[in-house]
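Asker: Chain by chain, the residues:
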Amino acid sequence: MSAIENVSRRGFLKGLATAGALVLGAYYAPKILRRHGSDDVRTDADNATLHPNVFVGVETDGTVWIVAHRSEMGTVIRTSLPLVVADELEADWKRVKIDQAIGDPRYGDQNTDGSHSMRSFFDVVRLSGATARLMLIRAAAQRWGVPVSECQTDLHAVVHSSSGRHLGYGELATAASRLPVPKENEVQLKSKSAWRYIGKGMTSYDLTDLVTGKAVYGMDAHLDGMLFASIEHPPVLGGKLKGIDNAEALKVPGVSQAIVIDPFKPPPAFQPLGGVAVLADSTWAAFQGRKKL
Amino acid sequence: MRPHEQAGAEIRTIEDIGANGLHPVQQMWIEFNVPQCGYCQSGQIMQAIALLKSKPKPTDEDIDEGMAANICRCGTYQRIRAAIKAAAKESR
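Same order as they appear, the protein sequences are chains A and B. Residues 1 to 293 (my numbering) make up the first sequence, in order. Residues 1001 to 1092 (my numbering) make up the second sequence, in order.
One should not assume that every hint holds.
Unchecked claim - A short, non-exhaustive set of chain B residues, derived as facing chain A with CB atoms under 8 angstroms:
| id | residue |
| --- | --- |
| 1 | Gln1006 |
| 2 | Gly1018 |
| 3 | Phe1032 |
| 4 | Asn1070 |
As the list claims (entries may be wrong) - Over the 10 angstroms line for every Cβ pair with chain A, so calculated as not near, a few chain B residues:
| id | residue |
| --- | --- |
| 5 | Ala1009 |
| 6 | Gln1026 |
| 7 | Pro1035 |
| 8 | Gly1038 |
| 9 | Gln1047 |
| 10 | Lys1057 |
| 11 | Glu1061 |
| 12 | Gly1066 |
| 13 | Arg1073 |
In short, the hints are calculated from the structure, not lab data. Beta carbons are placed, not taken as given, at the ideal position from N, Cα and C, and that holds for glycine.
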């Protein structure tokens, strides 16, 4: 099990001075995180009032930000890891917003492959949500002057059943943010029977965007002066280029260059396979140019 | 084909199809939780709408044939088929 630890003293002080937030990291590879720990505020979770670790932020209006730090490639991990955080936080999924993380060493390993995101980060993100939950409970107990042991959470609120009192997470965010972040051994995870979302077959957070053309992919990214490439690979693995005749390809409107990509040095592993890349001002022009090689 | 080479032709896009409330096919895509990564789904939905236009009650074979050019790497084909059938039922 990985641990949650303070990323940096400077981040801690900066957090206190600005949003009353604490900057901590739940991590997969502790040494890497310590070396490259970043104080930058880059996500909405970082800006939230209660921000006990890099994965979660609670706003005073009750909005809960949960950071998806892995890459979505069709397993719906962008939804499922935040669902685990939400479960341990006892957050109302309707009030959760997912914040997509960029590449940042403070999240630990972000190399999304091998279908291990859930296996590797399940414990870490559970701890992340449960830590925030405990802080909200402690804030409520303090407000009411009752023992923490008498308080429970119930879907986005802390309740004190014997007196019938309850306070929403948004109302508690500021007070909770002033409390020290509990140590791992103080945090209790929910029992399996209490899980709301884990294993319940929820749908993708992005479902509507995915069926209405609103979802944004890497392919949608456009930069000024950006070119598009289409690559003619060798027909067999390890094939080498004998020669290139790019005269016709360069005549295609929009095509600007045809460049040789060196073959890999064995073993191929994840190296480019080599060949010729046709560069153009649109994918269409690049495709047409490649056909003329 | 690039859009500007289609002068005079009617082109409908995924953005347009649901502009005034979700199209029945989009609704079924949600109900059957079809997409995973979603990358191919704009094309799948537009293809399905075109298919239902020409074949309002498609058989499995009609669906296989009509949707064959749209590849889904996540492998959502079973749900695509179910959603198309449900949309066909809905519009009758």
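Asker: All the hints need checking, so say for each whether the structure fits it.
Answerer: Now for the hints, and whether the structure bears them out:
no. : hint    : verdict
1   : Gln1006 : 13 angstroms, violated
2   : Gly1018 : 5 angstroms, holds
3   : Phe1032 : 10 angstroms, violated
4   : Asn1070 : 14 angstroms, violated
5   : Ala1009 : 17 angstroms, holds
6   : Gln1026 : 5 angstroms, violated
7   : Pro1035 : 4 angstroms, violated
8   : Gly1038 : 3 angstroms, violated
9   : Gln1047 : 13 angstroms, holds
10  : Lys1057 : 23 angstroms, holds
11  : Glu1061 : 25 angstroms, holds
12  : Gly1066 : 19 angstroms, holds
13  : Arg1073 : 7 angstroms, violated
The structure shown violates the earlier hints numbered 1, 3, 4, 6, 7, 8 and 13.
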